[in-house]
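Chemist: Residue strings, one per chain:
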Amino acid sequence: EAQVTQNPRYLITVTGKKLTVTCSQNMNHEYMSWYRQDPGLGLRQIYYSMNVEVTDKGDVPEGYKVSRKEKRNFPLILESPSPNQTSLYFCASSLFLREKLFFGSGTQLSVL
Amino acid sequence: GDSVTQMEGPVTLSEEAFLTINCTYTATGYPSLFWYVQYPGEGLQLLLKATKADDKGSNKGFEATYRKETTSFHLEKGSVQVSDSAVYFCALNLPGGYNKLIFGAGTRLAVHP
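As they're listed, the protein sequences go chains A and B. Using the numbering used here, the first residue of the first sequence is number 1, and each one after it goes up by one. Using the numbering used here, the first residue of the second sequence is number 1, and each one after it goes up by one.
I should point out that these hints are in silico values taken from the structure, not numbers from a laboratory. Quick caveat: nothing in here was measured; it's all calculated off a predicted structure. Beta carbons: idealized from backbone N, C-alpha and C, even for Gly. Among the hints, a few may not be true.
What the hints assert, rightly or not - Straight line, CA to CA, 30 Å or less: simulated BS3-like cross-link-like pairs of lysine-lysine:
no.: 1; chain 1: A; residue 1: Lys57; chain 2: B; residue 2: Lys52
no.: 2; chain 1: A; residue 1: Lys100; chain 2: B; residue 2: Lys68
no.: 3; chain 1: B; residue 1: Lys68; chain 2: B; residue 2: Lys56
Claimed, not checked - Which chain A residues face chain B? A few, computed with CB under 10 Å, are given here:
no.: 4; residue: Ala2
no.: 5; residue: Arg44
no.: 6; residue: Cys91
no.: 7; residue: Leu101
no.: 8; residue: Phe102
no.: 9; residue: Ser105
Given the sequences, and given the hints that come with them, work out the whole structure.
Modeler: Following this line, the structure appears as structure tokens:
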């Protein structure tokens with residue numbers, strides 16, 4: 001089954017404790033992206049990747065890192081999480097961006 | 001800057017009622033337009049799309065027409081069901097903008113029996 005898999009689904013952590021949210025897709029998509037969803041703001045792009053070893057900042061990249069060492073994986077790294085990073089995070093992928101995006105089920109992060 | 005504006009929710013309807021969710025956009029050039037739907041506890045799924053002016057996207061009884069003159073892409077359905085309860089997002093992709101979709105804030109729809 002074609003899918004984007006994110007883990008974990010829920011994560012509660014404390015300020016400053018490094019964490020990684022994993023994302024994997026099995027559709028051989030070149031494009032992958034991370035979004036955060038906040039009430040009243042919709043989805044805002046954090047980082048995106050056009051292919052292996054090619055990543056770039058989205059609209060809200062501060063406090064986040066990403067890597068794309070393999071085509072299928074695109075982890076999101078928070079080196080020193082802060083409470084303002086409490087949000088619902090989505091990973092997405094597509095073959096070409098003007099085609100549809102496939103979304104993961106989301107990761108609800110709470111930073112205390 | 002480029003942006004998408006959706007009507008605020010929640011929208012509450014009875015089953016079989018007519019649905020309209022308004023979406024307008026601001027963009028340079030001629031974007032592609034999308035409606036995504038998010039069911040409770042799930043990620044977003046593409047509902048329909050339109051890539052040029054006057055195109056009509058349709059799926060699962062939902063329709064939206066790309067209106068360049070009014071910069072709008074309103075979502076409609078003639079008869080909603082309880083299973084349509086979800087959050088609906090309007091989005092655009094800029095020509096040559098292979099990096100992202102720009103999303104509206106989302107509109108929550110609740111359909112009651």
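Chemist: Now tell me if each hint is right for this structure.
Modeler: Outcome of the hint check:
1. The straight-line distance between the Cα atoms of A:Lys57 and B:Lys52 is roughly 28 Å, inside the 30 Å bound, and the hint therefore holds.
2. Taking the CA atoms of A:Lys100 and B:Lys68, the gap is about 21 Å. The hint holds against a cut of 30 Å.
3. Of the supplied pair hints, the one linking B:Lys68 and B:Lys56 holds, its CA atoms being roughly 12 Å apart against a limit of 30 Å.
4. For A:Ala2, the suggested interface contact is broken, since its CB lies about 12 Å from the closest CB of chain B, more than 10 Å.
5. The beta carbon of A:Arg44 is positioned within 10 Å of a beta carbon in chain B (closest approach about 8 Å), and the interface hint is therefore held.
6. The interface hint given for A:Cys91 holds, since its Cβ lies 8 Å from the closest Cβ of chain B, which is under the 10 Å cut-off.
7. Here the hint on A:Leu101 is kept, as its CB sits about 7 Å from the closest CB of chain B, short of 10 Å.
8. Taking 10 Å as the C-beta cut-off, the interface hint given for A:Phe102 holds, the closest approach to chain B being about 8 Å.
9. For A:Ser105, the suggested interface contact is upheld, since its CB lies about 5 Å from the closest CB of chain B, less than 10 Å.
Violated hints amount to a single one, hint 4; each of the other numbered hints is respected by the structure.
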